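Residue 4 is where the sequence shown starts when you use the numbering used here, and the numbers rise one by one after that.
Don't read these hints as lab results, they were simulated from the structure.
Wrong hints could be hidden among the right ones.
Stated by the list, open to error - Within a straight-line C-alpha distance of at most 25 Å, the following computed DSS-like cross-link-like pairs (lysine-lysine) qualify:
hint, residue 1, residue 2
1, Lys69, Lys80
2, Lys439, Lys200
3, Lys351, Lys286
4, Lys207, Lys69
5, Lys200, Lys69
6, Lys207, Lys439
7, Lys80, Lys39
8, Lys439, Lys216
9, Lys286, Lys216
10, Lys39, Lys69
11, Lys351, Lys270
Computed from a predicted model, the values in this text were never measured in an experiment.
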Amino acid sequence: MRVSLRLDSACVRAFHLMLLQRLTALDNVTVSVDAKPADGGIPGNAEALFQLETAIHGLSRTGLAKRMPLSALAAYKTTPPAPADLVLDLCGDVALEGTRVWRVTYGGASGEAALLALILDGQTPVARIEEGDIAIAAGRLGTEYGGIALASFQDMLARTATLIVAAMTGAAKGSALPVLPEPLQGNALPAMPSAAKLGVRGAKALARRIVQKIYHLCYNAPHWKVGWRETGGRDLFDLRAHPASGWQVLPDDGSRFYADPFPILYKGQVTLFVEDYIHRLGKAIISAVPFGPSGPLGQPVPVLDLPYHLSYPFVFERDGEVWMVPESCANGTVDLYRATAFPGGWVKEATLLSGVIASDATLVEHGGRWWIFATVRDGGGAFSDALHIWSAPDFRGPWTPLPNNPVLVDIASARPAGRMVERGGQLLRPVQDCRKSYGAALGIARVTHLDLNGMEQVVETILTPGALWNGRKLHTLNEAGGLEFIDGSAISPRWKQRGRALT
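I would like the entire structure built from these sequences, with the hints used as guidance.
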């Protein structure tokens, strides 16, 4: 297939080169470039905002938004030997008779200015690849850096490339994004802010950064907390709301936080496994604590400590033994461990996946097969918006990726948030809703279709923090033995920690 990439010659970015490299690597695809001036580029004052954010946040100067000379496109033909079979239109100005044209839009408009305008307006951009009136692929783009325009812009450019490649390989499944139980705000495409408003935004960004620096001098941040309760036979999958009784909190000493709670009922005892993050080390280990009806029976104690960061200790029982798949994306692997002296004595049994930055790998047995759900940082971008699935005849493997990965690009419902449960013959998935920020809300999605060709889901409920669960975060849900656990944010003053250390 002969593919022509239409881009603005006045604004060549590293993103375009990355996209060209990925397209060129596809089988039976030859790529040429149609580069000439176009409307829809971002104004110079927005580029000035990017430069300011790079300075105040210490961002890389070699990201996908980096401006490149036009000569960087020299390796790609500008006059192909034959007409293109397909034009990928990033500018929205291609109109050809008899040639297929795929137009990339953000909120219904073409051009990177449309994407940036949505980001600056605080919206969740919906990207689409459209052929006429037909959507070939669609995704809700996300970032873990809300409030930083440049970082958000670069994350969403990366995921735009994911969508384009998925469409090219036939993996994309049209415009089917999960319908959310609450309407998206600000559906209309906003205008690009004026130079004066961008200047004010830059000043506010600088002020916020100063406040953040002061805050981090006074408080440990981020600092998560684990909540727990007795279900009384009705969990959140039944309630679809916080219980009227609220939640009790697993205490910490302020020098560390606990997150990603995974309980397991084993030999009549509920044991809770958590991410145990030590602030002074800047990394986490896995710790465990037994639980009774009245709460924890002691403090969490370390059970798995590796040279790299660990989190999301997905534990399960099978064949009379307890297994764990902790998140180890810092190592680029998804590994399987077995307990030889429960709750400790973990030995590595297998590497299930390698060479992949996979977040919150969640296993489930369904339909006679095993499945791994995880979000993958494909070509950079966010960690939370591209859901990939693998399947295997046994939880030990061998694991095979689904041919249409990513099965979903959606910052509101892609990333796993705990074990899946079966109700009424269907799977319910806890999912992270990261539209406002990473881990800001917890969704419950019903999986309506899952097989070797893909997955479909409907998000039925979104739970947020509030009076019954204070803080700004809520991103994990698990239950075992009549005890249910969630997690969220907390405040941890550094002076209290120092005071405890002196006494």
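Under the criterion that the straight-line Cα-Cα distance not exceed 25 Å, is the pair Lys39, Lys69 satisfied? Given that 25 Å is the threshold and the Cα spacing comes to 18 Å, the pair holds.
Starting from Lys439, check that the Cα of Lys200 is at most 25 Å away, please. holds (22 Å)
So if I understand the rule, the pair passes when the alpha-carbon distance is 25 Å or less; does Lys207 with Lys439 pass? Holds, because 19 Å separates the two Cα atoms, which is no more than 25 Å.
Against the 25 Å threshold, does the CA-CA distance of Lys80 and Lys39 hold or violate the hint? holds (14 Å)
Verify the proposed pairing of Lys351 with Lys286, using a straight-line Cα cut of 25 Å. holds (20 Å)
Tell me if the straight-line CA distance from Lys200 to Lys69 falls inside 25 Å. holds (23 Å)
Tell me if the straight-line CA distance from Lys439 to Lys216 falls inside 25 Å. Status holds; Cα separation ~22 Å.
Compare the distance between the alpha carbons of Lys286 and Lys216 with 25 Å, and conclude whether the hinted pair is satisfied. With a Cα-Cα distance of about 20 Å, the restraint between Lys286 and Lys216 holds, given a limit of 25 Å.
Hinted pair, alpha-carbon criterion (25 Å max): Lys207, Lys69. Please report holds or violated. holds (23 Å)
Is the straight-line distance between the alpha-carbon of Lys69 and that of Lys80 25 Å or less? The given pair, whose Cα atoms are some 22 Å apart, holds under the 25 Å limit.
Under the criterion that the straight-line Cα-Cα distance not exceed 25 Å, is the pair Lys351, Lys270 satisfied? Holds - the C-alpha atoms of Lys270 and Lys351 are around 22 Å apart, at most 25 Å.
Taken one by one, the earlier hints all hold for this structure without exception.
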